[in-house]
Structure formats: C-alpha cells, structure tokens
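**Q** If you want the building blocks of each chain, they are given just below.
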Amino acid sequence: MSLSVCQVLESVENGEGRFRTLQNVVFETDPAGCPVFTVSGRMISFPVSWQGRSYVLKCLLDRNHQRLVERNSVAVVVGQKIQQNGYLVDYRYLSNELLVFDDMGQSCYADVVLMEMPEGAKPLYIVFDELCLDENREKLRELFREFCRMAVWLIDSGLVHGALSPQTMILLPNGALRLIHYERMRMISEQDDDYEVVRDTDNVMLANMVLGQKAMIACPEIYRTLKGDPMFLRPVVRSSFLPLFLEAADRSGCVPVQKIIGLIDPCNRILRDRNALREALLQLIDTTTELDAEVLKEFVAGRNDFSPKGHQSNPAVEETCRITSRSLLEERYDWIGPVCESMICVSKNDHWGYLDYTGKEVIALRYDWADDFAEGRACVLLEGYYGLIDKRGDEILPPVYEEIEWNCVFGTVKVSSDGCFGLFDRNGDCVVPMIYRCMGSIDNELIMVGVDDRFGYIRHDGTVVIPPVYDEAYDFQNGKAVVVQNGRYVEIDSSGAVLREAVEYGIPEKVHS
Amino acid sequence: MYSARINRTHPVAFIILIDQSGSMSESTFFMQRKMSKAEAVALIVNRMIAELMFRCKRDDGYRAYFDIAVLGYYDDQVVSLWKDAKRRFVSSQDLADMELPELRIEQERRMPDGRTTVVSTLQKQWVKPFAAGKTPMFKALSVCYDLCKSWCAREEHRASYPPTIFNITDGESSDGDDRQLLDMAEKIRLLSTDDGRALLVNMHICSGEVCESVLFPESEEELPDQRYARLLYRMSSEMPEVYEEEIAALKGHSGKHFRGISYNAGMTDLIDMMNVGSVSVNFLF
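Residue numbers (my numbering), protein chains in the order written: chain A, 1 to 513; chain B, 1001 to 1285.
For the record, the hints were derived by calculation from the structure and aren't laboratory data.
There's no promise every hint is true.
Claimed, not checked - So, partial list: chain A residues that the calculated Cβ filter (under 10 Å) puts toward chain B:
(1) LEU9
(2) GLU13
(3) GLU16
(4) SER107
(5) GLU383
(6) ASN427
(7) VAL431
(8) PRO433
As the list claims (entries may be wrong) - Simulated pairs of lysine-lysine, DSS-like, Cα-Cα distance not exceeding 25 Å:
(9) A:LYS58 / B:LYS1086
(10) B:LYS1057 / B:LYS1134
(11) A:LYS348 / B:LYS1057
(12) A:LYS139 / A:LYS391
(13) A:LYS139 / A:LYS360
(14) B:LYS1034 / B:LYS1086
(15) A:LYS122 / B:LYS1134
(16) A:LYS58 / A:LYS139
(17) B:LYS1083 / B:LYS1139
Predicted model only: the values in this text are computed from it and were never measured.
Where a beta carbon is used, it is the ideal one built from N, C-alpha and C, also for glycine.
Taking the hints into account, I'd like the entire structure generated from these sequences.
**A** Right, here's the structure in full:
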C-alpha cells in the first residue's frame, strides 16, 4: 500500500514495537522534540544515529517505488561487496521493517532503507563550490584522482549506480569518496533487456563529470556555469560544452580527455565502449597534463561580453556597478556574476536571482541556479528542472524541462521532457513539437534529430531538410556531417549528398574529389 | 495533460468545500469512537492538510507547493474556514507559519504481538467542526467558481496542474435547482490551466452507520437509482487517466473513465477519496 507521511511520523514518534529488527535507533529532533525529516515526492528521510554512527533512515511512500527497490534488492546484490570496498556507504535494505497504522487502525509493515551518512561528509556539489570559490586547484586535483579511482572501481564491479550526480556522492573528511542514495543500484548483465540503457547512463555521467572536473582544475571559475548545467544533473549525451573541452584538450595535448570526448562525440544514445572509458580514466589518474586554461578563461570571459551583434559590453555600466556597489554586493552575496545586458546574476545560500546594474534586486533569488542573460533571455533551474525567463523575471518557458539550451543567435530554445526533444522560439512559442527522441547541437543551421531509431536533419524552423533515414548521424561541422547508412560511415553535405566514405566517425576517407 | 510538475513557481490549488449544515451534527463512527460527522470531516480535512504540508517539507523548510482554500457552507453563508476568515487561498508555506491550537488525538493500536497500546498524536486544527442551518451548495459552488477562475487566470498559474475541488456533503442543496447546480458545476469543470481542466470531486457521505458506498463509479448505473445520486454524478469530473491506477487499487479492479464522486461514503472512504485526489499526484513533484 502507499503510505502517508502522517502514518510514518506516528510510527517514528511512537517507536516502541514499531521496528521489526532495528533496535535503539535515535531520531534527530527539533527544539520542540519532533523528529527532523524531509520529504521528496516519494520518500521521507530522517537523520538518525544507530550503533554510534550517523545514518539516514528512508521510508518509501509510493507503492510502485517500493516494488522497484524490492526488485533491485540492493542489500542482496551488493551485500558482499559492501564489506570489501571503500566506495559505498553502509546501506541496509530492510524489508517489512516499520509497522504503520492508518486512521482506521489497519496495520502493515513498510520497507525502510538505512543509509550511512558519515560525520563530516559533504555532498560533492558543495565541495566543488567551496574548492572552486577558493580556487584550490591542488584539492581539486586530489579529488579528481579519487573520483577516477572510484569510477574505475564502479566499472570493474559490474554495478550500475543508476543515479550518479554530484548530489549522490559525498566526500569524507579524510578525502575519500563515497556513493550514496543507491536505491537503484543494480548488478547488470548482458542478458538484461535494458542492459545498454542502464549501463550507459552511468557511463555518460562518469564521462561528463570527469570532463567537468578537469575543466574546473584548469579554470575554477567555470564551475559557476557548469554547476547548473544539465550535464551535471542528468546523463546528457554530448553536452554543449564538448567543443569547448575538446579545444582546451587539443591545445594542451591532454590525450585522455580527447579520448573521452571521442567516445561521447559519436554518441546519440549510448556510450558504447566501457573499456575504453576505463582506460582513459586510468590514464587520467596519472596524467599531469591539464586542459588549456586560457581557452576556458576566454569562454568564461566571452560569455560575459557575448553579443551576437558584435556589441561590446557597456563599459559605463560596468564602471557604475564596480564603483558604486560592487563592494557592497560582495558583502551581501556569495556569488556575483558579471554585468550581462545590464543584469547581474547573484546567489546567496544557493538561491539565485538577478540585480540590475545599480545593484537593485529585480528578479528574486528564488532559483536553484541561473545563467547570465543573452539577448534578453536566461536559463534558470528550479527543483531540478529548467526554464527560460525574460529580464522582468517572467517565464517564457516554465521550469519543467530536463534539459535546455538557449541559442540567442538563432533565437531558438532546445528543450527535452520525458526523453523527447523539441524547439521553441524566443517568445516561448513552440516551433518543433516534442517529437524527437534525440536532438543534436542547435549551434548549426542544420540540427540532427532522431526519431524511431532513424536520424536526419531539420532547420531551426522545424523544416525537415534531410529526412530521418540514417542509422546514426552526427552534428554538422563546417558544412559537413558524418552519418551511418546501411552500416557505412559517410560524410554528407547539407543537401544530404555523400561526399566521402569514412571508416569510422572522425576518420573520413575521401571517395569523391 | 495532467502532468505538470509541481514546484514553487507552479503550485497546485486545492479547494475544499465542507457542508456545515445542521445534518452534519448527526453522529458517525470514526477512529474507533462515536462523533459528529462535522467532527469526523474536520479531522479528515485537517489530516489531509497536514499531509499536504508534510509533502512540502524540504531541507530549507516548507515550500509553497500548494494553494489551499477551505470553505464552509451553512444556512445562507459561505465562509473561509481559515483562522483569518478574510483569506481564501493560503499557500502551504504560510500555513506552516500559522499559530493554531493543536488537538491531542488518542488512538488504540493493536500490535503484532497482540498487545493493545494507545498512541497520542497532536494535530493542528486548521478547520474546526461546525454544523447549523441549511445547505447552500449552489452558493458555495458559485464562490468556488469565482475563486477558481481568478486562480486559473493568474499568469503564473497557466502552466500549473489544474485545481482540484473536493465538495464534501451529506445532503441535498437547499438553494439552486438541479439545472443551476449542473450549470455551475460545468462552469467549474470548464475552468482550466494549460495542463487541463479543473477537477470537481463530489463526496457524498452517508447518514447512517452502515453504508453501501459507491466510489469513483465508471457509469451512472453503478449508483442507486436516485435522482440526487445521478445529479451528483453529472456534476462531477471524469478523473484523468493518471489517477486510474490509484482508483483501480482502491476499487479492487481496473477500469476507465472513473467519475470523481462518492455516494453514501463512510469516513474511511472519504479519506481514500481525498488521498487519491491529492497526494497520489505526488509523482509530479
């Protein structure tokens, strides 16, 4: 049965006899003596101590979610492994553990999860924040190596976490990483129907996080942009940052990063080569070559001054802000962005909003992350979903999308919801309905789209230029794109005409002059 | 449709209409004891509000995921039942800050080893029981329509999940004829956000201690062959597909096109109905 929060709270507050096996669980209480808890849509979590250690006791409210966890039966799957490795916190799945009653006195047992939360542990996203603000490259490097070791272990273990992100990893005071919230963790095998999807979700997240961290080490300022980007929240295949990271890797000669980008770049749905990813991770543990900092710094600075019409940022505005209020603002906010189109993005206690150039708050700090304005529009994040706002703070697109990309040159917004992609214009009017299962970069005239496992190209107005006839297709670069048709890699032009044959992506062999 | 995610900028609205006419002072059996229907309904509504509130609790406190209005109707009046009766919609964040008396509720629990214990819980009293006079349901629906209309009209609610209205009653309307009630109910059901039309769920509770209740019927034929039962059926919304699994679990069999109405419902049924219509949409958070 589905549970109510009231039912669970009654059991927690009247604990005697309510737990089937757990003894002496001590719930953290507020000053009024009530148990401290938080609720997500499907789960209620209590900080507790048990056997002298700190845990989070989680109770699943939703019937279907209970079934899911039971099916995956984490404790059974990884029970032995927990004892012999250092990357998972202690985690117990306790079936039929908590006795709950409804208003009519009917009782049932509910499953609970007991997840260790070691003293002094910090979620990775907070660690990133702190180290990047302090520009502590040395600590970032140490953390990065630990991350790579953890990633290699995860790949070797055959386990799939299922929800990797900076929110589901913690750093212990001794510098060790731990994975948390692994209710969805599974031991997968090639016989599983969803083998590729499940495995590659983890692969893509690992790859994206590796690239992001490598960029942070070279240029800590970039984290402000990365932290709210979908690539750090969801397994976004081919993040819009890839070209930037590749350029930075090319310039410095950081081969493992080039390899990882090479693995992701030809992906529309999956990161196929898990072994190659593992090899690149091992190389990254040892390499001392960083990404080219100048490229990344130029990107950060360029965003601040970016104007598609070639306008320069207004020095008078910058000066006004700098002289009259910048120092005051620094006392008031944790983060102060640059002046972009007379607006300044700021954050305080991880709430983000905007000031005008005089320092007056014009869009309340109500977002979980916010990007700089470009051509009057900015992407914002609220409770895990992205939206687009204008300079009055009005929603052009509500924050309900899993991914968002705003291209102010074309005036196009690419969004995804429930795994489907579509395009909107700058006014929030739908241009391309959410019909595509896959969509490439919107920085080109032609946009790669996938529908029913076939790939083709559309324009920004939705016109189909090359129908979805290819087995695979990749973004256009310099007027050419690589596609796979009947198992053959070929390079095509913007009309779809075949120019060359390619052995595989990126290594075209000229067949036509 | 009916898939909007609930967040701070796109809250969802609940309007609870409570019949407070004289007949609500009749007794019923709830939580292992005899009490008036008005008391039982107040307990259930308070529990539902508490549950909605708890669902809004995050690390940084209670979030404004819900706008809730509770209106009582009796005699010829329709009144807001919040402590500050001038307020209609109150957000879950504001509700959390309200200083209210707490009611100590004691309930008997039979433990697995056969022992019986009495547990004591405190519940905030957002709504207090009251019963007097007639049943001005038409007037209540009219007020609800205006309230709902203005909520839907606000630009920031366009992308929100549409409002859900629970109308809890034990009798027939003392104002408005059937045509007027049907028309007003239809006007409410036609109100919408971009995510769908408002849902009007009529919950008729039984007057006796033993009831043959009908919940979420798939057709009029499931209801007793009575004019009032059919009227309530026609006044109620068809429940969207997203609720079908929960309703099927409640009814014990699958089905389609369930209508948001209970007839002759007991107090347990009332809880089940309200759970389906409120927190079962929690997957949208």
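**Q** Does each hint hold? Answer for all of them.
**A** Going through the hints against the structure:
1. LEU9: This hint holds: A:LEU9 lies near chain B, its Cβ roughly 7 Å from the closest one there, short of 10 Å.
2. GLU13: This interface hint holds because 7 Å falls under the 10 Å limit.
3. GLU16: holds, 8 Å
4. SER107: Interface hint status for A:SER107: holds (7 Å vs cutoff 10 Å).
5. GLU383: It holds, given that the least Cβ distance between A:GLU383 and chain B is near 5 Å, below 10 Å.
6. ASN427: For A:ASN427, the interface hint is violated, since the closest Cβ of chain B sits about 14 Å away, which is over 10 Å.
7. VAL431: violated, 17 Å
8. PRO433: violated, 15 Å
9. A:LYS58 / B:LYS1086: violated, 40 Å
10. B:LYS1057 / B:LYS1134: Measuring from Cα to Cα gives roughly 39 Å; hence the hint is violated.
11. A:LYS348 / B:LYS1057: At roughly 20 Å apart (the allowed maximum being 25 Å), B:LYS1057 and A:LYS348 satisfy the hint.
12. A:LYS139 / A:LYS391: violated, 37 Å
13. A:LYS139 / A:LYS360: Answer violated: A:LYS139 to A:LYS360 is near 36 Å, above 25 Å.
14. B:LYS1034 / B:LYS1086: violated, 33 Å
15. A:LYS122 / B:LYS1134: violated, 60 Å
16. A:LYS58 / A:LYS139: Not OK: A:LYS58 and A:LYS139 at ~32 Å, beyond 25 Å, violated.
17. B:LYS1083 / B:LYS1139: holds, 22 Å
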